[in-house]
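K.L.:
In order, the protein sequence lines correspond to chains A and B. Count along the first sequence from 1, then add 271; that gives the number in the numbering used here. Position 99 of the second sequence, counting from 1, maps to 95 under the numbering used here, and the rest follow consecutively.
The set of hints was computed from the structure by calculation and includes no laboratory data. Warning: the hint list may mix true and false statements.
[Said to hold, decoys possible] Label pairs and their computed distance ranges (CB to CB):
| id | chain 1 | residue 1 | chain 2 | residue 2 | range |
| --- | --- | --- | --- | --- | --- |
| 1 | A | Asn328 | B | Thr1 | 35 to 41 Å |
| 2 | B | Thr73 | A | Asn328 | 22 to 28 Å |
| 3 | B | Pro35 | A | Ile334 | 27 to 33 Å |
| 4 | B | Thr109 | A | Arg352 | 32 to 38 Å |
| 5 | B | Ala57 | A | Gln316 | 24 to 30 Å |
[Unchecked claim] Computed cross-link-like contacts, EDC-like style, restricted to lysine to aspartate or glutamate with a CA-CA straight-line distance of at most 16 Å:
| id | chain 1 | residue 1 | chain 2 | residue 2 |
| --- | --- | --- | --- | --- |
| 6 | B | Lys67 | B | Asp26 |
| 7 | B | Lys53 | A | Asp368 |
| 8 | A | Lys380 | A | Asp282 |
| 9 | A | Lys274 | B | Asp55 |
| 10 | B | Lys79 | B | Asp34 |
| 11 | A | Lys274 | A | Glu302 |
[Claimed, not checked] Non-contacting residues of chain A with respect to chain B, defined by C-beta distances greater than 12 Å in every case (computed):
| id | residue |
| --- | --- |
| 12 | Asn290 |
| 13 | Gln316 |
| 14 | Glu329 |
| 15 | Asp368 |
| 16 | Lys380 |
Even glycine gets a Cβ: it sits at the ideal position worked out from N, Cα and C.
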Amino acid sequence: DAKTTQPTSMDCAEGRAANLPCNHSTISGNEYVYWYRQIHSQGPQYIIHGLKNNETNEMASLIITEDRKSSTLILPHATLRDTAVYYCIVRGYNNNDMRFGAGTRLTVKP
Amino acid sequence: DGGITQSPKYLFRKEGQNVTLSCEQNLNHDAMYWYRQDPGQGLRLIYYSQIVNDFQKGDIAEGYSVSREKKESFPLTVTSAQKNPTAFYLCASRWAQGAYEQYFGPGTRLTVT
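In isolation and in its complexed conformation, chain B is listed as follows:
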């Protein structure tokens, strides 16, 4: 099956710990994205990558880091510098050029206590 996988679905961490969220796609898409969603709110863009070994900050990149070493993978690290890390995190991908739509993964719900 082609698609985007995010794991795990639920993640619990203690405050002060870094945590890495996984995102993998087998759609051969060039561009990948990370969004954060808080309860009752829309999606906010954290980081995106148009090509391997390159990525750009979105609107709320502070306290997060990413890497894009492989086309199919775009992991997100939530660092201890992120003040309010508890949220629903969504990964997406699309072909970089043209009017193509995004495909989303099922999301990871991170709870930090």
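This is chain A alone, in the form it adopts within the complex:
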């Protein structure tokens, strides 16, 4: 599976959009991009995933560049409860080993 690179930490003002970047320059054609988040001392929570088209659900939007070498998770109106570690993971369609990196610690400030 391709490796990912994320910033260690980011801040965001409450009510503003949080844009979390992820680089995955070695991604291959059948690999999906997944985003999870982990609130302190809890199990990670799935947010969204995509292959090449932009995706949106009730939690977030996922923007994948045309060359698929990077992506951005967008939380449109961040709240204090969105403070968490966000993980970007790349995984092949039928691969069963999900590996998490260190993620980005997002702090939403009032």
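Fit chain B to the given chain A structure using the hints.
P.N.:
Chain B in isolation, oriented as in the chain A frame:
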């Protein structure tokens, strides 16, 4: 309620003892996983299983053992050979084929003294 349960939430053991962490899911998922998380760190894969009676080592399998005798259960044993067993342990599951996401349990915090 469908989901993944891990018990207990907190577990304390003396050094030199083996300890087994429970993970049960009623989501009818094929694949199950165990991760370890140390303070301030990401998740590291210990073992995973795609089907009953089969499992594969992850990145840090040394000092751990697993079994998968039933589809819904994937217990993890932390043996005395694991040098630094104190950690937060997370279990997850998903359907094995396709682009499906993982579902995580609430975790077990193991402290060995």
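K.L.:
Work down the list of hints and note, for each, if the structure agrees.
P.N.:
Okay, the hints, checked on the actual structure:
{"no.": "1", "hint": "Asn328/A with Thr1/B: 35 to 41 Å", "in the structure": "violated (26 Å)"}
{"no.": "2", "hint": "Thr73/B with Asn328/A: 22 to 28 Å", "in the structure": "violated (37 Å)"}
{"no.": "3", "hint": "Pro35/B with Ile334/A: 27 to 33 Å", "in the structure": "holds (32 Å)"}
{"no.": "4", "hint": "Thr109/B with Arg352/A: 32 to 38 Å", "in the structure": "holds (34 Å)"}
{"no.": "5", "hint": "Ala57/B with Gln316/A: 24 to 30 Å", "in the structure": "holds (26 Å)"}
{"no.": "6", "hint": "Lys67/B with Asp26/B", "in the structure": "holds (7 Å)"}
{"no.": "7", "hint": "Lys53/B with Asp368/A", "in the structure": "holds (10 Å)"}
{"no.": "8", "hint": "Lys380/A with Asp282/A", "in the structure": "holds (7 Å)"}
{"no.": "9", "hint": "Lys274/A with Asp55/B", "in the structure": "holds (14 Å)"}
{"no.": "10", "hint": "Lys79/B with Asp34/B", "in the structure": "holds (14 Å)"}
{"no.": "11", "hint": "Lys274/A with Glu302/A", "in the structure": "holds (11 Å)"}
{"no.": "12", "hint": "Asn290", "in the structure": "holds (21 Å)"}
{"no.": "13", "hint": "Gln316", "in the structure": "violated (7 Å)"}
{"no.": "14", "hint": "Glu329", "in the structure": "holds (15 Å)"}
{"no.": "15", "hint": "Asp368", "in the structure": "violated (6 Å)"}
{"no.": "16", "hint": "Lys380", "in the structure": "holds (20 Å)"}
Of the hints listed earlier, those the structure fails to meet are numbers 1, 2, 13 and 15, in rising order.
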